[in-house]
Amino acid sequence: MPDSDLLPRLGAFARLLHDSGIEAGPRRLTDATRALTYIDLKRETDFRGALRSVFVSRKEDIPTFEAAFDIFWAPPDPRITAGAIPGRSRPLRMSPERAAAWSAALGLSSSQMSREQEARSVPATSSGYSAEELLRQKDFEEMTWDETEQVRRLLEQAAWRVAERRTRRMRAGKTGPIDLRRSARHAIRSSGELMQLFRRRPRLRRRPLVLICDVSGSMERYSRLLMIFAYAIARREDLEAFVFSTRLTRITRQLRQRDLDKALEAVSKGVHDFSGGTRIGDALADFNRHWARRVLGHGAVVIIVSDGWDRGDPDQLTAELIHLRRSAHRLVWLNPLIGSEGYQPLTRGMAAALPYCDDFLAAHNVQALDDLGRLLAGLDRRSTRV
Amino acid sequence: MGTARPTSINEIGDVEARLLERHYIGDRALATAIFLALKLDKPLFIEGEAGVGKTEAAKVMAEVLDARLIRLQCYEGIDLAHAVYEWNYPRQLLHIRLLDETQDRRAAEREIFSPEFLLRRPLLDAIDNDDAVPPVLLIDEIDRSDEEFEAFLLELLSDFQVSIPELGTIKAKRPPFVVITSNRTREVHDALKRRCLYHWIDYPNLEKEVEIVRARAPEAADGLAREVAALVQGLRGMDLYKVPGVAETLDWARSLAALGATRIDSSLVDATLGAALKYQEDLERVREKVPAMVEKARGA
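For the record, the sequence lines run as chains A and B.
So for the first sequence, my numbering puts the first residue at 1; every next one is plus one.
So for the second sequence, my numbering puts the first residue at 1; every next one is plus one.
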């Protein structure tokens, strides 16, 4: 065991990690304690590396860990000479009360503890329609409670389910290739005589859904309804959800909240450019590079929801759509404007996108979403795109 | 605790030195994670983009420990019959048909469900063996398997035993050293990761990448190694669908060396660009910038 007074410090560090959103339960604390008995505590990189390998289990958590480490293990602990100066490292993301408590305990200013203030910095955008990203908390109270409940009930009652695809896992079936294992098993019981052939066929699984939703200014009226829609799907299906206006934000985790209002609040908190301008091409480029390989496995269906009002480069949009279409089983574009009378897909973005989408559907009311449901339920089982 | 391991690994530096001896250029953090995994008897979970040397790390570990490497390549639909064991049904059938009619059927059944008729797959092998040093079990690209398989692994990693109904429970005398890799094409369940020590392998910086090329592609001349590494570093900063990994750097350096190059030039780079980039769009995007990139890399 290392110095006995290091233990309480380690426990406090685990609590700091916990408050910053990294899992640091008793099992990990025990592992950390054991790990420290094997290393030279005077070597800061080893000390840091040992704790990192125990407490971190996702790449995303590494910056948080490093920041917490810098803040917590900075001198004056003479046994450890931590590298970074607290003022220079990245502040942690935690609730203001926690941040206040920790900064008091560690003798730091609260801006060194919490990232909340700096997260709002305005990213540079090009001129034009989307020049000013509207960085404000979107008020979700526009729809009355009754309306929300009605829409939600309708969406939850919708009987549709996403179509299944064949997986590579097999199960017993009446048709399909011979199941040698079962047949032989059976034959052994009858002295090696193959009396009956058993067969197996692929097990079916529902296709994963990926929703990429435009929440820019021109989509404002639909944003809330669409979020309720996303929430309703996320309750039952394997859904990955993203929203974009000038930036792409993943909201899958936020939607998993049990309560609709909590989920919507979490989404609203996590997304900083609700009702900003639209750059569909940029958002899809971001998706293709950073998310596609992680969420488009297993024959996923991609649904883009947007009115196609795009101030980005149409060539870029086309290129990204071509790429996206190749990685997805099916690419569906929902456009709330289709519902309006005399609508023609003439916006630049829409015109660029149309040739590359498998389906182009309305999304302005619950009826339209039902149509989408029927489409998804009817997709074929082939494991790859034809 | 760690008693079965070679006693000569007493500190992180030992692991570092041995990796280096085997021409694996890792960093101190990787050596720390490996060292602690050995000492704490915990599986090591290595994540990183494709081609940064995750699988290679496990292979080198086996050499370092002087242990056998048992590799289980995961894929969608992998199940126990492919990962743990399967009875050799054709042989069983043949055997039973050759038996005398009068022979006791129960005895016959016992006979054909004996270890002789068992097809041992990697996981069983890793648990049940007579190796002097416990083997290194590499569970490669776990993100390709499905949740059912992950759940099974979770169980296996907690008690290192397997039940075969006809033979009973087989428990590892000494657990293997387990390395799990993932390309992060999906999130692996937290419960599994929690059992492991974690290490994220990042792309190396220029100096490190040059070292890696020199160590693993010695046929490339010094100048060439540096220039190729610089080219790849430049590519990683570009907006590409698939950024080249270290494996691509090595392929590229070897291709150029095979062509007899000792320095790079635009036409050579253009002709061999496919060693680094795997998407047509990426190739097109980069092609026009080749002369500028070559110039920059030659100055690096």
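Think of the hints as simulated: they come from the structure by calculation, not from any bench.
These figures come from a predicted structure and were not determined experimentally.
Check the hints yourself; a few may be wrong.
With a straight-line Cα cutoff of 25 Å, these simulated DSS-like cross-link-like pairs (lysine-lysine) come out [claimed, not checked]:
(1) K173/B <-> K59/B
(2) K289/B <-> K59/A
(3) K278/B <-> K289/B
(4) K39/B <-> K193/B
(5) K59/A <-> K242/B
(6) K173/B <-> K208/B
(7) K39/B <-> K42/A
(8) K242/B <-> K208/B
(9) K242/B <-> K39/B
(10) K173/B <-> K193/B
(11) K59/A <-> K39/B
(12) K208/B <-> K193/B
(13) K59/B <-> K193/B
(14) K59/A <-> K173/B
(15) K193/B <-> K59/A
(16) K296/B <-> K173/B
(17) K269/A <-> K59/A
(18) K208/B <-> K278/B
Beyond 10 Å from chain A on every Cβ pair, some chain B residues (computed) [unchecked claim]:
(19) T32
(20) A81
(21) F152
(22) R186
(23) E187
(24) L197
(25) H199
(26) A217
(27) A257
(28) R263
(29) P291
(30) A292
(31) G299
A few chain B positions that, by computed beta-carbon distances, are all more than 12 Å from chain A [said to hold, decoys possible]:
(32) N10
(33) F35
(34) D66
(35) P90
(36) H95
(37) D143
(38) D159
(39) R214
(40) E219
Each residue gets a CB set at the ideal place from its N, CA and C atoms; glycine is no exception.
**Study point:** F35/B remote from chain A - nearest C-beta pair above 12 Å
**Key:** violated, 7 Å
Check your understanding: Given the hint that K242/B pairs with K208/B, does the C-alpha gap stay at or below 25 Å?
Key -> holds, 21 Å
Practice item. For the pair we were handed, K39/B and K193/B, check the Cα-Cα distance against 25 Å. Key: Distance ~18 Å between K39/B and K193/B Cα, so the pair holds.
**Study point:** Verdict on G299/B as a residue remote from chain A, using beta-carbon distances over 10 Å
**Key:** holds, 28 Å
Point to revise | Assertion that A81/B lies farther than 10 Å from chain A (Cβ) | key: Non-interface label fails for A81/B: nearest chain A Cβ at 7 Å, not farther than 10 Å.
**Study point:** Non-interface label on N10/B, tested against every C-beta of chain A at 12 Å
**Key:** The claim is violated: N10/B sits with its nearest Cβ about 9 Å from chain A, within 12 Å.
Review point. Hey, K173/B versus K193/B, does the alpha-carbon distance stay inside 25 Å?
Key: Roughly 24 Å between the alpha carbons, so the hint for K173/B and K193/B holds.
Review point. Regarding the assertion that R186/B does not contact chain A, is the least Cβ-Cβ distance greater than 10 Å?
Key: With a cut-off of 10 Å, R186/B comes too close to chain A, as the shortest Cβ separation is near 6 Å.
Point to revise | Non-interface claim for A292/B versus chain A (Cβ beyond 10 Å) | key: With a cut-off of 10 Å, A292/B remains clear of chain A, as the shortest Cβ separation is near 22 Å.
Check your understanding: Would H95/B pass as off the interface with chain A, using Cβ distances and a cut of 12 Å?
Key -> violated, 8 Å
Practice item. Would you mind confirming whether the straight-line C-alpha gap from K59/B to K193/B stays at or under 25 Å? Key: holds, 21 Å
Review point. Given the proposed pairing of K193/B with K59/A, does the C-alpha separation stay at or below 25 Å?
Key: Roughly 12 Å separates the two Cα atoms, so the pair holds.
Of the numbered hints stated above, those contradicted by the structure are hints 2, 6, 9, 12, 14, 16, 19, 20, 22, 23, 24, 25, 32, 33, 35, 36 and 37, listed in ascending order.
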